[in-house]
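Those sequence lines, one after another, are chains A and B.
Residue 29 in the working numbering sits at position 29 of the first sequence, with consecutive numbering throughout.
Residue 72 in the working numbering sits at position 72 of the second sequence, with consecutive numbering throughout.
Calculated from the structure, these hints are not laboratory results.
Any given hint could be a false lead.
Derived CB-CB ranges, DEER-like [as the list claims (entries may be wrong)]:
#1 R77(A) <-> Q79(B): 21 to 31 angstroms
#2 T114(A) <-> A9(B): 28 to 38 angstroms
#3 P107(A) <-> S61(B): 22 to 32 angstroms
#4 V12(A) <-> G93(B): 20 to 30 angstroms
#5 N1(A) <-> E40(B): 35 to 45 angstroms
#6 G95(B) <-> P61(A): 35 to 45 angstroms
#7 S81(B) <-> A82(A): 33 to 43 angstroms
#8 T114(A) <-> E58(B): 36 to 46 angstroms
#9 K37(B) <-> A52(A): 18 to 28 angstroms
Mimicking DSBU-like on lysine-lysine, the simulated pairs with C-alpha atoms at most 35 angstroms apart in a straight line are [to be verified]:
#10 K68(B) <-> K9(A)
#11 K59(B) <-> K14(A)
#12 K37(B) <-> K67(B)
All C-beta atoms in this analysis are idealised placements derived from N, C-alpha and C, irrespective of residue type, glycine included.
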Amino acid sequence: NAGVTQTPKFQVLKTGQSMTLQCAQDMNHEYMSWYRQDPGMGLRLIHYSVGAGITDQGEVPNGYNVSRSTTEDFPLRLLSAAPSQTSVYFCASSYSTSGSHEQYFGPGTRLTVT
Amino acid sequence: QQPVQSPQAVILREGEDAVINCSSSKALYSVHWYRQKHGEAPVFLMILLKGGEQKGHEKISASFNEKKQQSSLYLTASQLSYSGTYFCGPRSGAGSYQLTFGKGTKLSVIP
Numbered sequence: 001n002a003g004v005t006q007t008p009k010f011q012v013l014k015t016g017q018s019m020t021l022q023c024a025q026d027m028n029h030e031y032m033s034w035y036r037q038d039p040g041m042g043l044r045l046i047h048y049s050v051g052a053g054i055t056d057q058g059e060v061p062n063g064y065n066v067s068r069s070t071t072e073d074f075p076l077r078l079l080s081a082a083p084s085q086t087s088v089y090f091c092a093s094s095y096s097t098s099g100s101h102e103q104y105f106g107p108g109t110r111l112t113v114t
Numbered sequence: 001q002q003p004v005q006s007p008q009a010v011i012l013r014e015g016e017d018a019v020i021n022c023s024s025s026k027a028l029y030s031v032h033w034y035r036q037k038h039g040e041a042p043v044f045l046m047i048l049l050k051g052g053e054q055k056g057h058e059k060i061s062a063s064f065n066e067k068k069q070q071s072s073l074y075l076t077a078s079q080l081s082y083s084g085t086y087f088c089g090p091r092s093g094a095g096s097y098q099l100t101f102g103k104g105t106k107l108s109v110i111p
């Protein structure tokens, strides 16, 4: 199993540009989520999904869209990039075994918006 | 609202012990603990479930006080490999899938 994969690893955008961060998992996990990590702020939840066709907002959803058409894929779209979206983005997936929801993280995407 | 972790940072010599605390303002169903090494993704360490079930990892253990809405992570006889940032991630209910992570505790173990 490849686990959770993310592409690209690095990306530089200009203000106003749009792009999609890709996330895929091959573990048949129901739950997937996107976090952003900024220095001193920990991991903050952007959006999450509990299954194909079902998504919901996390703590910091503004400026981001998601969709979940398949169990495997959970892309994150930046509609109009802003410097405040410069961050490291992590995708994670989990399954529920006895309520544990242990999360598996992808390697991350480092995004810089100039 | 993010849980509060303390301390924010700690430096240990090899073999010393450390405790990392996590406090939440919400009632808790379970608490996850993750470790992140520099430049890498967070990795799951353990979970503590309401009712006392827990899993351990190497020489790292944890406690969960449901009434106080607190969890503590205990690292004993620290090794250089323990260095990293530790995050707690409480869940508020069995049907609540999302984790709200704390800001992290940076642990540095020196020879």
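Status of each hint after checking the structure:
no., hint, result
1, R77(A) <-> Q79(B): 21 to 31 angstroms, "42 angstroms, violated"
2, T114(A) <-> A9(B): 28 to 38 angstroms, "31 angstroms, holds"
3, P107(A) <-> S61(B): 22 to 32 angstroms, "28 angstroms, holds"
4, V12(A) <-> G93(B): 20 to 30 angstroms, "40 angstroms, violated"
5, N1(A) <-> E40(B): 35 to 45 angstroms, "19 angstroms, violated"
6, G95(B) <-> P61(A): 35 to 45 angstroms, "20 angstroms, violated"
7, S81(B) <-> A82(A): 33 to 43 angstroms, "38 angstroms, holds"
8, T114(A) <-> E58(B): 36 to 46 angstroms, "42 angstroms, holds"
9, K37(B) <-> A52(A): 18 to 28 angstroms, "33 angstroms, violated"
10, K68(B) <-> K9(A), "40 angstroms, violated"
11, K59(B) <-> K14(A), "46 angstroms, violated"
12, K37(B) <-> K67(B), "32 angstroms, holds"
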